[in-house]
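A.B. asks: Spelled out from the first residue to the last, the chains are:
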Amino acid sequence: MEETVERHTIATLVDNEPGVLARVIGLFSGRGYNIESLTVAEVDEVRNLSRITVVTTGTPMIIEQIKAQLERLVPIHKVSDLTVEGDHVERELALIKVSASGEKRVESLRIADIFRARVVDSTASSFVFETTGSTDKVNAFIELMKPLGLVDVSRTGVVAISRGPEAI
Amino acid sequence: MIAQTQMTGSEIVLKALVDQGVEVVFGYPGGAVLPLYDQMFQQNSVRHVLVRQEGGAVHAAEGYARSTGKTGVVLVTSGPGATNAVTGLTDAMMDSIPVVCFTGQVATHMIGNDAFQEADTVGITRPCTKHNYLVKDVNDLARVLHEAFYVARSGRPGPVVVDLPKDVMLELGNYVSPANVRHASYKPQVKGDLKAIEKAVDMIAAAKKPVFYTGGGVINSGPAASQLLRDLVRLTGFPITSTLMGLGAFPASNEQWLGMLGMHGTYEANLAMANCDLMVCVGARFDDRITGRLDAFSQGSKKIHIDIDPSSINKNVPVDLPIVGDVGHVLEDIIKVWKSRVARPDVKALDAWWAQINRWRARECLNYKASDKTIKPQYALQRLQEKTKDKDVYFTTDVGQHQMWAAQFLHFDKPNRWMTSGGLGTMGYGLPAAMGVQVAHPESLVVAVSGDASLLMNIQELSTITQYRLPVKTFLLNNQYMGMVRQWQELLHGSRYSESYMDSLPDFVKLAESFGGVGLRATTPDELDSVIDEMLATEKSVLCDIVVDSDENCLPMVPSGAPHYEMILGDETNGEVKAEIGDDGLALV
Chain A
1 MEETVERHTI ATLVDNEPGV LARVIGLFSG RGYNIESLTV AEVDEVRNLS RITVVTTGTP
61 MIIEQIKAQL ERLVPIHKVS DLTVEGDHVE RELALIKVSA SGEKRVESLR IADIFRARVV
121 DSTASSFVFE TTGSTDKVNA FIELMKPLGL VDVSRTGVVA ISRGPEAI
Chain B
1 MIAQTQMTGS EIVLKALVDQ GVEVVFGYPG GAVLPLYDQM FQQNSVRHVL VRQEGGAVHA
61 AEGYARSTGK TGVVLVTSGP GATNAVTGLT DAMMDSIPVV CFTGQVATHM IGNDAFQEAD
121 TVGITRPCTK HNYLVKDVND LARVLHEAFY VARSGRPGPV VVDLPKDVML ELGNYVSPAN
181 VRHASYKPQV KGDLKAIEKA VDMIAAAKKP VFYTGGGVIN SGPAASQLLR DLVRLTGFPI
241 TSTLMGLGAF PASNEQWLGM LGMHGTYEAN LAMANCDLMV CVGARFDDRI TGRLDAFSQG
301 SKKIHIDIDP SSINKNVPVD LPIVGDVGHV LEDIIKVWKS RVARPDVKAL DAWWAQINRW
361 RARECLNYKA SDKTIKPQYA LQRLQEKTKD KDVYFTTDVG QHQMWAAQFL HFDKPNRWMT
421 SGGLGTMGYG LPAAMGVQVA HPESLVVAVS GDASLLMNIQ ELSTITQYRL PVKTFLLNNQ
481 YMGMVRQWQE LLHGSRYSES YMDSLPDFVK LAESFGGVGL RATTPDELDS VIDEMLATEK
541 SVLCDIVVDS DENCLPMVPS GAPHYEMILG DETNGEVKAE IGDDGLALV
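As they're listed, the protein sequences go chains A and B.
Counting in the numbering used here, the first sequence runs from 1 upward without gaps.
Counting in the numbering used here, the second sequence runs from 1 upward without gaps.
If you are wondering where the hints come from, they were derived from the structure by calculation, not from laboratory data.
Keep in mind the model is a prediction, meaning the values are calculated, not measured.
Each residue gets a CB set at the ideal place from its N, CA and C atoms; glycine is no exception.
It cannot be assumed that every hint is accurate.
To be verified - Some chain A residues close to chain B (C-beta under 8 Å, calculated; not the full set):
hint, residue
1, Ile25
2, Glu71
3, His88
4, Arg155
Unchecked claim - Cβ-Cβ distance ranges computed for the label pairs, FRET-style:
hint, chain 1, residue 1, chain 2, residue 2, range
5, A, Gly86, B, Ala205, 49 to 57 Å
6, A, Ser162, B, Gly112, 46 to 54 Å
7, A, Ile25, B, Glu539, 50 to 58 Å
8, A, Arg163, B, Asp320, 50 to 58 Å
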């Protein structure tokens, strides 16, 4: 009964209250599910709602369990599996620090330009680049920076939203 | 705008309890809950039962809840009060029992400072409750309290903790009544999808070898659901089995009843499950005690699964037709559709199926070797069953061999009469649970069937039983072993009885007397009846020390790691004995 492991992006709307993130994380760790990426921020000040975006992997049965378990949490308003509910957009933002001089410094700027990454901090021996895009694009940019003096990476994790006029 | 009268946090809690219809609270005081206990002292609407350890309070509340269908309420102090309650909360979580547990907490400005008797109660109880709250603002208190009761009893029931800092109990705030509180996000689905119900009726009408597999969800749905289940089983003529949690939803005296299924279930129930072509799962969750080895579980059957909790569906076993909804509502709709179509089961196929089932029944899998010298535990329970069958009786158990024997040999014809720790398997559950049942039903007979190891885990509650003059009867099957551990060691670990012998047991008769109850003892089969008679005739609490055969094994048994149709049967059953435990079963519990 070997089943294929799938990668799903799940968006949830939750009450913005203490402990809600711990409930979600505790659910994943307690039941042994994977978290590849997790982002959370308040999105609706009036209704006091936050949005949690989780990228997870598992067999179809596990993915179904994850969604059902999330829906069971009392402060969760909505669970949406963006991967199965039509097209969606996924983006990550990364801040990438490269410490280099001479030709490598110039090369890092050239590649940043190709990736449309912006320089948000600069010293005589370093740059901080800001890049946004799909996880693959951010990964590719980081790979290219490694031989050029990559010293530090900070990523937001995936945020995602469905295409078209409908809300979650 | 009418100015509201302000109340203290403690007053708000008591007012909310009254408005929620709470009659009794099981609790234990301490520093952080002193304001609440002071308020408790100044009112007569809510009764408080003082337990001897907080774990006992939660089990008592569970017993109260399971025997009444109401929500059980617990009040404990901060720190150790809360941590002692954790086992009971987990128990209520696993068995889906509605409990609201109030825990004291240090004052809000001290939270996080490692204050005296401080524990991160919401952190600790997050995974073992359905939901929990820490109330930091007295003006949130009333809303949170009403929400807590709503969450505990709605959907799949469960325990809810409300953590109450001491200063919040003393501050003044506004009260809101339950009618003014609506939960923003938690709205479980109770009505089943009608298309799915139509399809279920098609499948039921077409089935040739069907079986109903029912569980605690039927009990939790309320007495009406049990009645609807009886109606549907009668209409279809199908055989029915149940999990440990669901006993009593369908009468054991009915001939369509196959007995309990699972690891210590009957041969006919497990074989019917293995060989059926349609399994109708009603409020059960395909637990590992039921399925045995998963990849061998009832391969040839279509499966319908009715459950109020979507996460129970396709968790362990993929099903063909899930119906999310409350068992009572769904069964009602199935019966409506069945009747409106004037549907008929396939009687000819059913006759052949019943003939097969009756051949399995003929093995008489519960037979055991009788003795006139030592009391067989099965015999003791048969006598207890015989002498209590016409009484208004409730049973609780602890966990182990005695629990499984009780499930096999006590017969339940009504729901809410059987309280046992199923999912968590908590030794020490039986006595405090019986206490809670007796508080709810003061005039009824309440019997805690226990074992010598389990009973000692919460023996202190005999003191509570004496204080409130609760006439709880403890029926102790004393084999001087952790019997189930011993049995597994015999079957799986070469009879090396590592630490399972209970040396230096107390004299249980004297123990009962020292707590102010009555102690009785039976050591031979001919003493048994008179001891049971005396127990039933005594108005006070009684502890019967029934000294039983130390080496008796609880059979039939599906060994761990085996498919659910391969059972170890006793020597006294008809037909050949088979099934052995493979090495892969060693790692399983």
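A.B. asks: Each hint: holds or not?
C.D. replies: Status of the hints after comparison with the structure:
1. Ile25: violated (10 Å)
2. Glu71: The hint holds - Glu71 (chain A) has a Cβ within 8 Å of chain B, the shortest such distance being about 6 Å.
3. His88: violated (23 Å)
4. Arg155: violated (28 Å)
5. A:Gly86 <-> B:Ala205: 49 to 57 Å: violated (38 Å)
6. A:Ser162 <-> B:Gly112: 46 to 54 Å: violated (40 Å)
7. A:Ile25 <-> B:Glu539: 50 to 58 Å: Hint holds: Cβ distance 54 Å, inside 50 to 58 Å.
8. A:Arg163 <-> B:Asp320: 50 to 58 Å: violated (34 Å)
Comparing the model with each earlier hint shows violations of hints 1, 3, 4, 5, 6 and 8; every other hint is respected.
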